[in-house]
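Place chain B on chain A using the hints.
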Amino acid sequence: MAHPDSDPVLHAAALDALRSLGDDNDPSLLLEVIELYLADAQVHVRNLRAAHAAGDVRLLERTAHTLKSSSANVGALGFSKLCLELEQRARQEQLDAAPSLIAAAESQFATVERALRAIKG
Amino acid sequence: MREKQLDELKLTGALPSPTGVGLAILELTRGEDYAMGDVTRAIQSDPALTGRIIKIANSAGFAGSQGVTSVAQAAMRLGVRSVRNVALGFTLVSGNRGGSCPGFDYEGYWARSLAVAVLSQRLAEALRLCAPADAFTCGLLSGIGTLALASIHPDRYAQLLERKRAVPSAELLHLEREIFDLDHCELAGAMLADWRLPESFCFAVTAFERRDPYAGAPDESARRMTVIVRAASLMASWCFLGEGDSEQGPERLEELLRELRLERDAFERLRVEALGEWREWGRALQIPTDSAQKPAEIQAEAQRAIEVPSDTQVRRVAAERKGLRILAVDDDPVSLRILEHHLTKDGHTVQRAMNGRQALIMALESSPQMIVTDWNMPEMDGLELAKSLRRSNESRGTYILLLTGREEEDRVVEAFDAGVDEYVVKPFNPKILLARVRAGQRMIELREQVESDRQLRDRQVAEMAVLNRKLEAAAMTDVLTKLPNRRYAMRRLEDELNGALAAGAPLSVIMIDIDHFKQVNDRFGHDMGDLVLRETATVLRNTTRKGDYVCRLGGEEFLVICTKASLPQCAMTAERIRAAVEEHIIGFGFDRAVTVSLGAAALECGARTVDELLKLADRRVYAAKAAGRNRVCSNDAPPSQARSA
Chain A
746 MAHPDSDPVL HAAALDALRS LGDDNDPSLL LEVIELYLAD AQVHVRNLRA AHAAGDVRLL
806 ERTAHTLKSS SANVGALGFS KLCLELEQRA RQEQLDAAPS LIAAAESQFA TVERALRAIK
866 G
Chain B
32 MREKQLDELK LTGALPSPTG VGLAILELTR GEDYAMGDVT RAIQSDPALT GRIIKIANSA
92 GFAGSQGVTS VAQAAMRLGV RSVRNVALGF TLVSGNRGGS CPGFDYEGYW ARSLAVAVLS
152 QRLAEALRLC APADAFTCGL LSGIGTLALA SIHPDRYAQL LERKRAVPSA ELLHLEREIF
212 DLDHCELAGA MLADWRLPES FCFAVTAFER RDPYAGAPDE SARRMTVIVR AASLMASWCF
272 LGEGDSEQGP ERLEELLREL RLERDAFERL RVEALGEWRE WGRALQIPTD SAQKPAEIQA
332 EAQRAIEVPS DTQVRRVAAE RKGLRILAVD DDPVSLRILE HHLTKDGHTV QRAMNGRQAL
392 IMALESSPQM IVTDWNMPEM DGLELAKSLR RSNESRGTYI LLLTGREEED RVVEAFDAGV
452 DEYVVKPFNP KILLARVRAG QRMIELREQV ESDRQLRDRQ VAEMAVLNRK LEAAAMTDVL
512 TKLPNRRYAM RRLEDELNGA LAAGAPLSVI MIDIDHFKQV NDRFGHDMGD LVLRETATVL
572 RNTTRKGDYV CRLGGEEFLV ICTKASLPQC AMTAERIRAA VEEHIIGFGF DRAVTVSLGA
632 AALECGARTV DELLKLADRR VYAAKAAGRN RVCSNDAPPS QARSA
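Sequences listed follow chains A and B, in order. 746 is the number of the first residue of the first sequence in this note's numbering; add one for each residue after it. 32 is the number of the first residue of the second sequence in this note's numbering; add one for each residue after it.
For reference, chain A alone in the conformation it holds in the complex (with noise of 0.2 Å):
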């Protein structure tokens, strides 16, 4: 099992990747890219609560593999990789370690979201 704690909540540079987009003519990318991000992920964290809770393995697959990837596009990678362990569980239906997972999610999100809200200032 990975652990998210080791890792720095966002990946710099990762994030440096993504600010390098807007240099030019876009310079509110990263910051539109973020909301965009925020908007979305905190539909899905939720989800992914109400997917276990209803038994959907399947929607809780989608849902974490959703996660994984646009975690992955604003540098939050300790996140991602909790989310890609998460996927791969449903995918298995192995159940067992997932309430833990998901609580452990909701609270790293809620750190990115932070780090995040701090970027935009």
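Please keep in mind that the hints were generated in silico from the structure rather than gathered at the bench. In this text, a Cβ means the ideal position worked out from N, Cα and C, and glycines have one as well. One or more of the hints may lead you astray.
One side only, chain A facing chain B, incomplete, derived with CB under 7 Å [said to hold, decoys possible]: (1) Leu774; (2) Val778; (3) Leu781; (4) Tyr782; (5) Ala798; (6) Thr811; (7) Ser814; (8) Ser815; (9) Asn818.
Just chain B, lined up with the frame of chain A:
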């Protein structure tokens, strides 16, 4: 139009023709008895076409009954033949919505065709003259001849349109015949026949624009279809497109309604309904129906095209275009936004879709050059999207670049099988993604270049075909009288004689010689001699029946081939000619009539070959001359009475 002529044009490959599913349907329905299942399966393989067929079935005057939701139900309701024809019509729209004739308003063309289609459908329903779905198809294809001429001869048709714009009173059909030796109505009829659409369709599209549209209708259903398409075409001009003389429009409309015995109120309802349907179809097929045409713009374009040689122009357009039209597809908004950002920054025009289903609809509507899509998505994933796109006619050539996660990378073979062209692993390095997109762009441009080269070559082949046809016509025509010459006469007579012998039908010929022609030349000079020949040719043309062939064999000798005529009928024609020539005073200083001696001969006289028939006729001309000239000889007894035998 001769079949051979159509074959020549088909060889150019430039004729609008059904492709993909349309072609499959054409193949499946080659014979008379074809299975409904085959046709519906072919249609179902194209999702866009399926939707359109269902739409037609639901709109074709069956209000109140239960809605149609599948192609099979549509076939039950409309009949498999109608469904086949409608499907064929639609694949033509999708395969020919643009083209290389500058100044030909392709969008305007299809907007008009759609208007004629919905009005035909509504009229058929209101007047109960024929099946509404058939009327729709026939209306949709009614103008296909102009599209065909513009496709085969883009530059020359552009010049023709320019001439038509400069002199609006010039008749399009007349200009076409002058330049191409063929008009769009004739061509449309031949094309529809070639696609084995019903004879009533073929007749209607050939006839509805002519002055006397109903003449020669093979049967009642052909006449009815012509009534409908002609009325729909006029209504489309006056009511939907604002074409023609707006002063006279209302008056002529009243006249048309009286002719159709259609009440004003009923027509108003029909007009409003058809207008709504027209816009609806326009949206479904991505053809603008609300904005009026932009004549000034089109004219300017045509002007430019005439100034710039066409192949240079094609290359110039290619050089100007830097970016691609790309559809980006991802369910994750962040990834989609980033993807869009990179692509836009690299000069491409980007549309976005959030899942495969949405992407499929957008792709069918706007035909992007490239699709960059995520694999794993809800509703319809990237692979299903690729498969669906490859099935549809319109998107078969779209370049598809798939974004895959690392865990999917070992399944890429599956993706290529589904129709994907290239893949990039996520999270992607933007530089690599853009490099792959540019590599794809080279492929796309290469393909487009090949396509435009092909068009250029087709155009040259088509030009050659027209030239050949003109040369052939010239080789068969007598320059002085414009009548078919000896070579043509012999060939035609051979054909007619073989046909008549095989069918046991009568056939006869009249050999004609101008009396004392040598003296005309000697006394009045050769110019006057030529005049006499031309005037005599005119009299011959005007006094023979429609199916007869009047030819000049040479000198002062003419031949009339009277098809399906026995000796007595032929002798009557001969006598009519003799009298008409004698009565025709040739002016221009000659100021008198000439006379002719005629020999009539028929198969029933025992002649079995062209040679025998001509020899017999020739002998009788001499007999007529010997008996005093200005008379007809139609038997081997010496003609005794003066003037006629």
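Q: If any of the earlier hints don't hold here, list their numbers in rising order.
A: 5
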